[in-house]
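Asks: The residues making up each chain are set out below.
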Amino acid sequence: MARRHLLEFEKPLVELEKQIEQIRQLARDSEVDVSQQLLQLETLAARRREEIFQALTPAQKIQVARHPHRPSTLDFIQMFCDDWLELHGDRRGSDDKALIGGIGRIGERPVLLIGHQKGRDTKENVARNFGMATPGGYRKALRLMDHADRFKLPILTFIDTPGAYAGLLAEEQGQGEAIAVNLREMFRLRVPIIATVIGEGGSGGALGIGIADRLMMFEHSVYTVASPEACASILWRDAAKASEAASALKITAPDLKNLGVVDEVLPEPAGGNNWAPLEAGEVLKEALERYLDELLALPIDKLREARYKKFRAMGMVLETSQPESGMIT
Amino acid sequence: MSLFDWFADRRKGQFVGKVTQETEESDGLWGKCPECGQVVYRKDLIANASVCSNCGFHNRINSEERIALIADKNSFNSIDRDLSPTDPLGFKDRRAYADRLRESQANTGLKDGVVTGICQVEEMPLALAVMDFRFMGGSMGSVVGEKITRLVERATKEKIPLLIVCASGGARMQEGMLSLMQMAKISGALERHKEAELLYMPLLTHPTTGGVTASFAMLGDLILAEPKALIGFAGRRVIEQTLREKLPDNFQTAEYLQQHGFVDTIVPRTNLKKTLASLMRMHGSRQIKNSKR
Ligand SMILES: [Zn+2]
Chain A
19 MARRHLLEFE
29 KPLVELEKQI
39 EQIRQLARDS
49 EVDVSQQLLQ
59 LETLAARRRE
69 EIFQALTPAQ
79 KIQVARHPHR
89 PSTLDFIQMF
99 CDDWLELHGD
109 RRGSDDKALI
119 GGIGRIGERP
129 VLLIGHQKGR
139 DTKENVARNF
149 GMATPGGYRK
159 ALRLMDHADR
169 FKLPILTFID
179 TPGAYAGLLA
189 EEQGQGEAIA
199 VNLREMFRLR
209 VPIIATVIGE
219 GGSGGALGIG
229 IADRLMMFEH
239 SVYTVASPEA
249 CASILWRDAA
259 KASEAASALK
269 ITAPDLKNLG
279 VVDEVLPEPA
289 GGNNWAPLEA
299 GEVLKEALER
309 YLDELLALPI
319 DKLREARYKK
329 FRAMGMVLET
339 SQPESGMIT
Chain B
-12 MSLFDWFADR
-2 RKGQFVGKVT
8 QETEESDGLW
18 GKCPECGQVV
28 YRKDLIANAS
38 VCSNCGFHNR
48 INSEERIALI
58 ADKNSFNSID
68 RDLSPTDPLG
78 FKDRRAYADR
88 LRESQANTGL
98 KDGVVTGICQ
108 VEEMPLALAV
118 MDFRFMGGSM
128 GSVVGEKITR
138 LVERATKEKI
148 PLLIVCASGG
158 ARMQEGMLSL
168 MQMAKISGAL
178 ERHKEAELLY
188 MPLLTHPTTG
198 GVTASFAMLG
208 DLILAEPKAL
218 IGFAGRRVIE
228 QTLREKLPDN
238 FQTAEYLQQH
248 GFVDTIVPRT
258 NLKKTLASLM
268 RMHGSRQIKN
278 SKR
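Heads up: the protein sequence lines correspond to chains A and B, in order. Under this note's numbering, the first residue of the first sequence is numbered 19, with each subsequent residue one higher. Under this note's numbering, the first residue of the second sequence is numbered -12, with each subsequent residue one higher.
Hints listed in this document are in silico derivations from the structure and should not be mistaken for laboratory results. Incorrect hints may have been included.
Unchecked claim - Below, simulated EDC-like cross-link-like pairs (lysine to aspartate or glutamate); rule was C-alpha separation at most 16 Å, straight line:
{"id": "1", "chain 1": "B", "residue 1": "Lys261", "chain 2": "B", "residue 2": "Asp80"}
{"id": "2", "chain 1": "B", "residue 1": "Lys181", "chain 2": "B", "residue 2": "Glu145"}
{"id": "3", "chain 1": "B", "residue 1": "Lys79", "chain 2": "A", "residue 2": "Glu203"}
{"id": "4", "chain 1": "B", "residue 1": "Lys79", "chain 2": "A", "residue 2": "Glu262"}
{"id": "5", "chain 1": "B", "residue 1": "Lys260", "chain 2": "B", "residue 2": "Glu109"}
{"id": "6", "chain 1": "B", "residue 1": "Lys233", "chain 2": "A", "residue 2": "Glu190"}
{"id": "7", "chain 1": "B", "residue 1": "Lys60", "chain 2": "B", "residue 2": "Glu140"}
{"id": "8", "chain 1": "B", "residue 1": "Lys30", "chain 2": "B", "residue 2": "Asp59"}
{"id": "9", "chain 1": "B", "residue 1": "Lys79", "chain 2": "B", "residue 2": "Glu90"}
{"id": "10", "chain 1": "B", "residue 1": "Lys60", "chain 2": "B", "residue 2": "Glu109"}
{"id": "11", "chain 1": "B", "residue 1": "Lys144", "chain 2": "B", "residue 2": "Glu110"}
{"id": "12", "chain 1": "A", "residue 1": "Lys327", "chain 2": "B", "residue 2": "Glu140"}
{"id": "13", "chain 1": "A", "residue 1": "Lys303", "chain 2": "A", "residue 2": "Glu323"}
{"id": "14", "chain 1": "A", "residue 1": "Lys259", "chain 2": "B", "residue 2": "Asp80"}
{"id": "15", "chain 1": "A", "residue 1": "Lys115", "chain 2": "A", "residue 2": "Asp139"}
{"id": "16", "chain 1": "A", "residue 1": "Lys115", "chain 2": "A", "residue 2": "Glu104"}
{"id": "17", "chain 1": "A", "residue 1": "Lys303", "chain 2": "A", "residue 2": "Asp101"}
{"id": "18", "chain 1": "B", "residue 1": "Lys181", "chain 2": "A", "residue 2": "Asp256"}
On a predicted model such as this, the values are computed, not experimentally measured, just so you know.
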């Protein structure tokens, strides 16, 4: 199970794992048959892990979503692409490393893949700007999506960002404009778009590659309108209330499925995707291929109309008199 | 996010860009300009579109006053007045969202933070949305998103130009992800309006930030702004924390955005209607013959 980076709530498992390790050691050093005890303890550990991960609070899910060993965009691409070439640059003077993209093949099908990219350690994270994209990143994404549009390549996006980069240069270069244009133009594209939140979906920075015909979320990933930390400082006037804010904001995959924001929740192995990345890759690949089959069978006008209607229906309002256009609840 | 700054600054009592302290004295006949300190006769101020005649400071105005400045007299026909917010998450921080809503509704007489309708500008039809900052900081939840989307769709259907007057701290956190998705919804409707080759102009007023900046505020064919309005994506405080260095004085002002290529023109409020009418005319708008809708 490789190197562990333990989260606070995983600590109860440590004791069990220690025992298992000790018994293994014992078995190696003597003739005693310990397979029975070993099996028992391993079963117990697996069950405990499952219990812990089934009962995660939203704040704990954020920790899982931010786990340094959680498979990233490039990890997934390596796992299920038979062919992959990263493509660089927004053609306006920058190549963002926090938002990457390229062309690849899943089975016989060429696709365009785009996603936020975090690093595994501090050094990598600095190079990747912690997955916080600049305006150049969003413009590169749109350039690549336009390319996909022209050559009829379905678009797969992978969301994993704390948010769009907040900096002087980002403001100067029009962070708001870059994201806004993506939101509008993604409605125009005449190819299927499937988006998956694989880790953190941080607000507008996530939505900037998140307009899609299908939106999926991994079970322990989160998608937020504002970071719980920021929300807590504003509404509770106390940043320490972040875990309360995380619960109130309804950021988990099942919550967002209930709210009609997300189409499908992808199950994760007990212990989270970082525990069994290859398994996660299989789950994601299966879902992507299933949706590609479904969406590629639709006439393009129907697809675009359905995409419009999908987002059109989001939100909850109360209408007291007769509606003029007969919409929404 | 930028809403953070807004609240933080308000607590300290020194708003970036210094707006709206005037409201404290708004009951009297005389008021003092928060920018230059000049004492003005309130009636004169209002007659001058709430712009200080001494220093040009733009005092904040509400949606009703804004509409009066843009629409021909009695021409504004509001739509979707009956849309009210719900509390989809059952959200409660130090106070319940439902209570905050009731309070804002009582204070403003509005059901939520935007007024939409069709009006005439020098007898040319215009679809008009005006965000009202008094209503929970102009924050965008489901009702704001739905009303603007319906207006955009109506403008597309009736083939008329569209103006959205922005004033917002961004997405409304109390409605969670449903608020974020309003950015998508409105942008989708704007794509169709654009596809129909119709003119869309946002007018960015103080302040226009966060999710509104990252969606319809920046999607205009022509982007107009009021002098000195605060316009930005991320909040100044957040940026200062990441940078640990001083930001330029005019950072995130309308003038700064124009310098960097994101605002077409800064329009003093006293010229607003004339400028709009002229732009509309040059983009093919024609007078409606003898119809008062
Ligand atoms: Zn003055």
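Asks: All the hints need checking, so say for each whether the structure fits it.
Replies: Hints, verified against the model:
no. : hint                 : in the structure
1   : B:Lys261 to B:Asp80  : violated (45 Å)
2   : B:Lys181 to B:Glu145 : holds (13 Å)
3   : B:Lys79 to A:Glu203  : violated (35 Å)
4   : B:Lys79 to A:Glu262  : holds (10 Å)
5   : B:Lys260 to B:Glu109 : holds (9 Å)
6   : B:Lys233 to A:Glu190 : holds (15 Å)
7   : B:Lys60 to B:Glu140  : violated (25 Å)
8   : B:Lys30 to B:Asp59   : violated (21 Å)
9   : B:Lys79 to B:Glu90   : holds (15 Å)
10  : B:Lys60 to B:Glu109  : holds (10 Å)
11  : B:Lys144 to B:Glu110 : violated (19 Å)
12  : A:Lys327 to B:Glu140 : holds (12 Å)
13  : A:Lys303 to A:Glu323 : violated (26 Å)
14  : A:Lys259 to B:Asp80  : holds (10 Å)
15  : A:Lys115 to A:Asp139 : holds (15 Å)
16  : A:Lys115 to A:Glu104 : holds (11 Å)
17  : A:Lys303 to A:Asp101 : holds (14 Å)
18  : B:Lys181 to A:Asp256 : violated (43 Å)
Of the numbered hints stated above, those contradicted by the structure are hints 1, 3, 7, 8, 11, 13 and 18, listed in ascending order.
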